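For the record, the sequence lines run as chains V and G. Each residue of the first sequence is one higher than the one before, counting from 11 in our numbering. Each residue of the second sequence is one higher than the one before, counting from 2 in our numbering.
It is worth saying that the hints were derived from the structure and are not from the lab. Hints may be right or wrong, so weigh each one.
List time: in silico EDC-like cross-link candidates among lysine to aspartate or glutamate, alpha-carbon distance up to 20 Å [to be verified]:
#: 1; chain 1: V; residue 1: Lys-12; chain 2: G; residue 2: Asp-365
#: 2; chain 1: V; residue 1: Lys-15; chain 2: G; residue 2: Asp-365
#: 3; chain 1: G; residue 1: Lys-77; chain 2: G; residue 2: Asp-101
#: 4; chain 1: V; residue 1: Lys-12; chain 2: G; residue 2: Asp-238
In silico contact screen, one side only, chain V against chain G (beta carbon under 7 Å); selected entries [as the list claims (entries may be wrong)]:
#: 5; residue: Thr-19
#: 6; residue: Glu-35
#: 7; residue: Cys-60
#: 8; residue: Ala-62
#: 9; residue: Asn-66
#: 10; residue: Gly-77
No experiment lies behind these values; they were computed from the predicted model shown. Ideal Cβ positions, reconstructed from N, Cα and C, are used throughout, including at glycine.
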Amino acid sequence: MKYLKNVVTLQHDIDKCTGCGRCLEVCPHRVFQPEGKKVMIADRDACMECGACARNCPFDAIEVQQGVGCAAAVIIGFFTGTEPTCG
Amino acid sequence: MPSTCCGGSTPVKRRTKQTSCCGNESTQSKQSSCCSQEQTANRTDYAAPETAAFEQPWVVGKIATPAGEVPQVAAKLSFRDTIGAWKCRWSIGRMNYRVDPGLYAVGQPDASSPVLVTSNYKMTFDRLRERLGGLSLWIVVLDTDGVNVWCAAGKGTFGTDELVRRVSAVRLSEVVSHRTLILPQLGAVGVYAHEVTKQTKFRVVYGPVRAKDVPAFLANGMQTTEEMRTVRFTFRDRIVLTPMELVGALTPVLIMFGILFILNAVGFGHYGSTDFFGIMGSIFTGAVLTPILLPWVPGRAFSLKGAILGLVWAVGFLLLSGFPSPVFGWLKAAAYVLLLPALSSFLTMNFTGSSTYTSLSGVDREMKFAVPAQLAAAVSAILLLLVSDAILTFGGKLI
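Next up, chain G with everything else stripped away, as it sits in the complex (with noise of 0.2 Å):
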């Protein structure tokens, strides 16, 4: 089953109580250093600004700077761009979109302009850059795998030791005068600020958590809002993550019709468009629905959440059926009854993955109740189901 949360393929011990050297624990940070360096070390060479940087459609210029010509990038979005924010969006090449970290310019930036770091994910990218229209600043692109920042700065990939080799890499300190790095608030997950600023000389403000929040921070002296500093999750930003729930559901789903039909074709199994129209709907209802409306559906828990519109779902669908006499008989009403809460439940409860409030802890905690309760229901439906199929087979009357 994919991941739907973070994705990337660096994979780092997160809880701190069984690291040894990697500077999890805030209290190790002052002796970190033994760990991520290997993952960024064999990732890039931080070599002079590649050429390639310099072709690209979205680079609209060069920037002339003591440390050599900096790539001027557009602070517009092109058709392309658009097009390759929804692929993502649907999990097509999600994986590999990205920019070449290094610095970047945004309009005519001199040794007085601000700042911005960011990840290397080109859609975090594009969402920065087109946000900065008729602005002059210096963009620093770390390498983290074309993950966001958030998840790079969970995974460590968006971290101190990136950080401190990238601004070298660049030469920042000779394109710039002053010594102020701002970072995405998000970023924060993975940077030791005081860390950076024994090692680079550079101080580091925390920006904005949105892009958009970026001029008025800047302007701001920049200066944070309680409102610029807090996470939300919109119904907008529910609704664009939900694409790769389902695509993320496919694999599993197509498994199951897999083996519905097998058991139609060897004559054991009665399934039809019926049948078909349930499952697709409890897993509509886990992936999509539920997601959406999250914040009205009653309980805290994922999984609860899923499970409550699944069974109204179960309900609505027996009821298109002909219930009270459902034309797949009682025995596979009953079946279903447990089964789409259970498939819509767990659905659901992977969208934590894609949520930005729901902590491991209370990951954990659910899941020790969800989980088996998923299953229970799932394999006394799936015994139902067979014990119907058996009936009719054997030339039963349907229950």
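If we strip away everything but chain V, and leave its shape as in the complex, we get (with noise of 0.2 Å):
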């Protein structure tokens, strides 16, 4: 099952990358691959922005805005003027 194409946030700065894997193993969705010493996005498109990643490089290669999927939530903070949250 695939979600929306082309609208994720995630970002990976190669540069800082060091191949360390710690993103590959909190990755539900397996968007990350190794690919020689590093690490690459090898399907963007299922990433769902929870965050694990960003949070768990020790090197901050990676960025997200992190957020929650759910649109009970969306609505709940255009309600009360939050962000997005499960309430």
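Dock chain to chain to rebuild the complex, using the hints, since each chain is given by itself in its own frame.
What follows is the structure, encoded as structure tokens:
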């Protein structure tokens, strides 16, 4: 199952990446794959912006706007004026 | 409208752009420690194991350790545990189904036994322990306000600070001689592994996503396979979530039928069991049928999937209602062709919160189109219904 194409905010800085593989370990959707001595984004559209990779990258090589992919949260956020939250 | 996604009562600012100090941003990880502490600080005291923990029906014994006695839990679920899980699926007591945070034992663990970490949502705790039959290990239960690992990690309650405090509160370093914590992979959203190691000297290993893979993971020298690390969203996963969707839709549905009932009572409305049947059908389509059939319904946006099946239902409903001469007339028929897909689309759109693969950016994107479309369809439908009612009320003929 794939969600919308070309929407996610995931960014991977190849220069900072040391290929430690922590992101491979925490990503729930196999977004990353090892390539040579580094890691590459292999399946960008599979990213759900959970933020696990960015948080656990010891080298700050990954950036993503973490958020909940939840319409109800977006609606609650809209009416309460806050960021989308599960309530 | 109740949120069907994560629940819980700890609002956490999610997106990085407006956080100041809370360390949602990976780049701020090093200096974070200023925020989420207050959440954890006043939730529980970190005193010695509570005696109440030993009296739980699923506690079968005690294990003596240098840090005191630890409750030993059953690796089998009782009938009561199963009923408890069922009730949660139907949203009965779901937000207050929890175990006391602290250290627990499974089997006969000793100083060299592995340590698993989990949340204090009782369904999560049960899902874990039922898979641990025949093993001996320790479980550290974090205080996540009774919320499951993934959602709590997103909120930050299954997080670095709580983990660091809990490990120290249960005096884990006196209970085990090794220095490894096994975290559920989905907890990674809330945990800075390198920060935990810095503060506790315990190394963090992320285990499998699903509790059922824990024995294989341990047997495999604490290595996960790609399969163990991948989140799925199977037929069964989706089915067990649909009762919550129905319960979530209940309040707006009751309000809607209340309005129709009042319209009837004052002599303006002309609604009957056929209308009830049509609307209920679209609610079932949006909240249950489309989620279950998710991968097979065309489109990627959830709102589109819901609209498609909603339209199918609307057409089917018209055929059942005597199309091409529908019992409620052409005006109402047109109204239902707009209203039923809009309702179904809205409900399926809300299933994004229960799904395991939608991103916030994607949900934002689809809502920009879907919500105006749903509103326009619903408003037009309501106008058509009112016109149809007005005509009938003032003696006109059914159009």
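Hints versus structure:
{"no.": "1", "hint": "Lys-12/V <-> Asp-365/G", "result": "holds (16 Å)"}
{"no.": "2", "hint": "Lys-15/V <-> Asp-365/G", "result": "holds (13 Å)"}
{"no.": "3", "hint": "Lys-77/G <-> Asp-101/G", "result": "holds (18 Å)"}
{"no.": "4", "hint": "Lys-12/V <-> Asp-238/G", "result": "holds (16 Å)"}
{"no.": "5", "hint": "Thr-19", "result": "holds (6 Å)"}
{"no.": "6", "hint": "Glu-35", "result": "holds (5 Å)"}
{"no.": "7", "hint": "Cys-60", "result": "holds (5 Å)"}
{"no.": "8", "hint": "Ala-62", "result": "holds (4 Å)"}
{"no.": "9", "hint": "Asn-66", "result": "holds (5 Å)"}
{"no.": "10", "hint": "Gly-77", "result": "holds (3 Å)"}
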